[in-house]
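Participant: As a plain string of letters, each chain reads:
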Amino acid sequence: MSAAARRFAWPGFLRGVAGLLVILCAWEAFARSGLFSTALTPPLGAIASELWKLLLDGSMIRNALCTLGRVLLGLGISCAIGIPLGMLMGRVRPVERFFMPLVSVLMPVPSLAWVPLFILWFGIGNMTTIIVVTYAAMFPIVHNVWTGVRAVNPLWIRAARAMGAPSRAMFWKVVLPGSLPYLMTGIRLSFGRAWIAVIGGELLANPDTGLGRVIFDAKEFLDSPVMLSALIVIGALGLLFERVVFQALENRTVARWGMVSAASR
Amino acid sequence: MRAAGRLAGEFFWLALPFAVVGVGWELIALAGVFPVKLFPTVEVVLAALLRLSVSGIIWVNTEGTLVRLVLGFLLAAAVGVILGIAMGRYRWVEDVFMPIVSIGYPIPGLAYAPLFVLWFGLGDLSAILLVGAASCFVVIINTWKGVKAVKTVWIRAAESMGASGPQMFRKIMLPAALPFILAGLRLGLAQAWRILVAVEMLMSVSHGLGWMIFGAQQFLDTEVMLSGIVMIGLIGLLLEKQVFERIERYTVVRWGMIAA
Chain A
1 MSAAARRFAW
11 PGFLRGVAGL
21 LVILCAWEAF
31 ARSGLFSTAL
41 TPPLGAIASE
51 LWKLLLDGSM
61 IRNALCTLGR
71 VLLGLGISCA
81 IGIPLGMLMG
91 RVRPVERFFM
101 PLVSVLMPVP
111 SLAWVPLFIL
121 WFGIGNMTTI
131 IVVTYAAMFP
141 IVHNVWTGVR
151 AVNPLWIRAA
161 RAMGAPSRAM
171 FWKVVLPGSL
181 PYLMTGIRLS
191 FGRAWIAVIG
201 GELLANPDTG
211 LGRVIFDAKE
221 FLDSPVMLSA
231 LIVIGALGLL
241 FERVVFQALE
251 NRTVARWGMV
261 SAASR
Chain B
266 MRAAGRLAGE
276 FFWLALPFAV
286 VGVGWELIAL
296 AGVFPVKLFP
306 TVEVVLAALL
316 RLSVSGIIWV
326 NTEGTLVRLV
336 LGFLLAAAVG
346 VILGIAMGRY
356 RWVEDVFMPI
366 VSIGYPIPGL
376 AYAPLFVLWF
386 GLGDLSAILL
396 VGAASCFVVI
406 INTWKGVKAV
416 KTVWIRAAES
426 MGASGPQMFR
436 KIMLPAALPF
446 ILAGLRLGLA
456 QAWRILVAVE
466 MLMSVSHGLG
476 WMIFGAQQFL
486 DTEVMLSGIV
496 MIGLIGLLLE
506 KQVFERIERY
516 TVVRWGMIAA
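Line order of the protein sequences matches chains A and B. Sequential numbering of the first sequence, starting at 1, is according to the numbering used here. Sequential numbering of the second sequence, starting at 266, is according to the numbering used here.
One chain only, chain B, in its complex shape (with noise of 0.2 Å):
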C-alpha cells in the first residue's frame, strides 16, 4: 500500500512538470501570441507525430539519422583511438600532430561545412566525413592523456619481465588507457550526435530528422518540425540514458580495479 502510494508520488513528480508546460504551451497557442500556423497547439502536433509514425515518415528519417551518427561516430572513433595511441606511444607523432590537434580542437566542426561542401560535395559522403572529423579531436586528446598516464612502474615492470611488443601493448597499455578512451568516445558521441542534425540541415541530404525539420520550415509545417525535435530528443534521451550512463557507469568500474 505504502508502495504504491511512493510509486504514485514519483508518477505525479514525473508528469507535473511536463502537464505545466503542457498546459502553458497550450494557452500561449490559444491566446495567438503567435500566429496558430507558428505555434500549433498541442494536440495538432501529437497528431502530425502521430501521422507521420503511421505512415512511416518519421522512421525513414530516423534511420537516416542514426546510420549518419553510427558511420561518423565509427570514423571518429578509429581515427581517434589510432591517433591517439601512436601519439601517446611515439614522440614523433606527438610533436607532428599536436599542433593541429591543438589548433583543430577549439574550431566548432559545423565551420568546415561549407569547406567540405566545397571538397566532397553535397549529401552523404561530407556529411559523415564533417561528423567524423568534428568528434574525434576529444577522441585523440583523451586516448593521448590516457596513454601517457599508463604509470611507469607498470611499463618497466613488464618490460624487466621481457614483455613483447604486442604483449605490451595488449596487457598493460590497452587496460590501463581503456578509461579515459572511453571518457573520450563518451564526449566523442555526444559531440557528433549535437552536430550531426545541423550538418544535415546544411548538407542537403536526402533523408534524416535535420533535414525533415528544415524542409518543414519552407512548408510553414511547424508541425513537423515540432514533432522533429520530439524525436531527437527521444534519441537524445536514450543515448544518454542508455549508452552514455552505461559506459560511465563502466568506466568508474574500470577505475576502481586500477585504484585498487
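So here's chain A without its partners, still in its complex pose (with noise of 0.2 Å):
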C-alpha cells in the first residue's frame, strides 16, 4: 500500500486532470453553441445529473450487473473449452492437426456476424448474446493456450523428464505454470473481445436488460443523455476490469512467479 502510495505520480494526475477539462469544456462549449441540436449533445449537466439518477435508483446497476454477468459467462464457458482444448492442440499432434484449420477458418468470422443466425436458432434473448460471448472470447484463449504450451522452455521438460516426473506432474508442475503467462494474456484478449460481442449481442438480439439494451432503447426517445450515462458506465466498468482486475490477477500470478520477464524475453 505504502509503496503504491509513494510510486503515484501527482504531476503526471494533475496534468490528466487538466486535460480531461480541456475536452470537458469543448465539449460544453459545443453543446451549448446550438451546432447540434441540444437534444443530441446534451451539456455536461444533463448527462451528469441522468447519471447520477440512474445510479441511485439502481437501474444502471442492475443493467451492468446484467451485461457484465453475460461478458463473466461466456467468458467461463470459453476458458472451460478453451483451455483443455489448446493444451490438447500444443501437446497432441493430431489433435492440432484437425483443430488448427478449423479454428484458423472460424476465428477471422466476426461473432456478431452470427448473431442473425443464432437468432433464428437459439431465439432471440440471453441465450443468443452468451453463446456470442462465448464464441468471441473462444478463439484468443484457445490461439494464446496453444502458443503457450508450445512455448515451454524444453529445457524445463527435459529436466523434468530427466528426474522422472510422471506425467501427471510434468503437467501440472511444468506445462502449465510455464504457459500461464500466455493464458493470462489470452483471457485479457478474451475479455475485450467479449466486451464488444456483449454490446453487439444486446443491441441485435434484444434481451431484456443489459446496457446495450439501455442504449437502445434511449434511441427510442432520443434520449441522449441516457445513451452518454450508459457509454460513460461502459467505458468505466471495461477500463476497472482491463487496469484493477486483469492487472491485480497478473501480478497475484504470474509477475509473483517470475514468469513474466521469462516469456517476454
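No lab work stands behind these hints: they were computed from the structure. Note that the Cβ used here is the ideal one computed from N, Cα and C, for glycine as well. One or more hints might be untrue.
[Stated by the list, open to error] Straight-line Cα separation of at most 25 Å, SDA-like style, residue types lysine to any residue; simulated pairs:
| # | chain 1 | residue 1 | chain 2 | residue 2 |
| --- | --- | --- | --- | --- |
| 1 | B | Lys-413 | A | Glu-96 |
| 2 | A | Lys-219 | B | Leu-387 |
| 3 | B | Lys-410 | A | Ile-23 |
| 4 | B | Lys-436 | B | Lys-506 |
| 5 | B | Lys-413 | A | Trp-121 |
| 6 | B | Lys-506 | A | Trp-10 |
| 7 | B | Lys-410 | A | Phe-246 |
| 8 | B | Lys-302 | A | Trp-121 |
| 9 | B | Lys-413 | A | Leu-14 |
| 10 | B | Lys-413 | A | Arg-243 |
| 11 | B | Lys-410 | A | Leu-21 |
| 12 | B | Lys-410 | A | Lys-219 |
| 13 | B | Lys-506 | A | Ile-23 |
| 14 | A | Lys-219 | B | Ser-471 |
| 15 | B | Lys-413 | A | Lys-219 |
[Stated by the list, open to error] Beyond 12 Å from chain A on every Cβ pair, some chain B residues (computed):
| # | residue |
| --- | --- |
| 16 | Leu-281 |
| 17 | Val-319 |
| 18 | Leu-375 |
| 19 | Gly-388 |
| 20 | Lys-416 |
| 21 | Trp-419 |
| 22 | Ile-420 |
| 23 | Gln-456 |
| 24 | Arg-459 |
These two chains come separately, so use the hints to put the complex back together.
Facilitator: Here's what the structure looks like:
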C-alpha cells in the first residue's frame, strides 16, 4: 500500500485532470453553441444528473450487472472449453492437425456476423447473447494456450523428464505454470472481445436488460443523456477490468512467480 | 514419389476436419434437430452460394463491405497516426488527448452506434465514421508508444549533428517508430473488420454482407445467411494470411534491423 502511494505521481495526475478539463470544456462549448440540437449533444450537467439519477434508482447498476454477468458467463464457458482444447492442441499432434484448420477458418469470422443466425436457432434474448460472447472469447484463449504450451522452455521439460516426473506432475508442475503468462494474455484479449460482443449482442438480439439495451431503448426516445450515461458506465467498467482486475490477477500469479520477464524475453 | 505421398498426407489432414464437420452438419440437418428451414443441408448452402455468385448478388455486397472497410480503416489510420505522433512529440497534445483516449479505448465501438445514427443519420457516412472511430484508438496508442520508445541517444545524436525538424522526423522518428505504427495499423484493421459486419446490420446501409445476412433473416433465408458467413470467413482468412501476416513479417524484419 505504502509502496503504491509512494509511486503515485501527482504531477502526472494533475496534468491528466487538466487535459480532461480541456476536453470537457470543449464539449460544453460545442453543446451550448447550438451547432447540433441540445437533444443530440446535451450539456454536461444534463448527462451528470441523468447518470446520478440512474445510479440512485438502481436501474443502471442492475443493467450493468446483467451485462457483466453475461460477459463473465461467456468467458467462463470459453475458458472451460478453450483451455483444455488449447492444451491438447499444443501437446498432441493429431489434435492440433485436426483443429488448427477449423480454428484458423472460424477465427477471422466476426462473432457478430453469427447473431442473426443464432437468433433463428436459439431465439432472441439471453441465450443468443451468451453464445455470441462465448464464440468471441473462445479463439484468443485457444490460440494463446496453444502458443503458450508450445513455448514452454524445452529445457524444463527435459529436466523434469530426466528427473523422472510422471506425466501428471509434468503437466501440473511444468507445462501449466510455464504456459500461464500466455493464458493470462489470452483471457485479457478475450475479455476485450467479449466486451465488444456483449454490447453488439445486446443491440441485435434484444435481451430484456443490459447496458446495450439501455442505449438502444434510449435511442427510440432520443434520450441522449441516458445513452451517454450508459456509454460512460461501459467505458468505466471496461477500464476497471482492464486496469484493476486483470492487473491484480497478473501481479498475484504470473509476476509473483517470476514468469513475465521469462516469457517476454 | 515420397514428396507426392507427403503432399497427399498434407491434403488429407487439411480436408479431414472440414469433411468431419460437413458430415456432422449434414447429420444434424437430416436428423431434424432444428427445422430444415433453419438448418439447411450442406448442398443447399452450396447451391445458394453458387446461385448468389452467378447472379452477382454476393459480389455487390462484398464490394460494399470492402469499400466501407477500406474507407473506415484509412480514416482510422490517418487520424490515429497523426494524433499518435503529435501525442508522442508534444507534451501538451498528450496531456489533452491522453484522458480521452484511455477512456474511449475500452468502450466497444458498437456502443456508439445508436448515438452515431442520431448524429449523422442512417447509412454509409455513419457506418464509415463509426468503423473509423472504433478502430483509431488502438492505432493512436501504438503510434504514441512507438514515438515514445525512440531512443533518446539517437535524438540527441541527430540534434547535435544539426538535423532540421523535418529531417529529424523523417530520418529518426518515423523509421524508429515504424514497427509500433505497423503493429497498431494491423490491430486497427482487425478491429475494423470485427465490428464492420455488425455496423452494417445496425446502420441499414444499402448493400453489404452484414446487410445481406440481416435482410435474409427477415425471410428465414438461412442458406443465404450461411453463404454470407462463408464469404465473410473467406475475406477474413485472406486478410489474415495476405495482409496481417505480411505486415507482421515486415515488422519483425524491421525489428531485427533495429536491434542490430
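Participant: Hint by hint, where does the structure go against what was stated? Just the numbers, ascending.
Facilitator: 1, 4, 5, 6, 12, 13, 15, 16, 18, 23, 24
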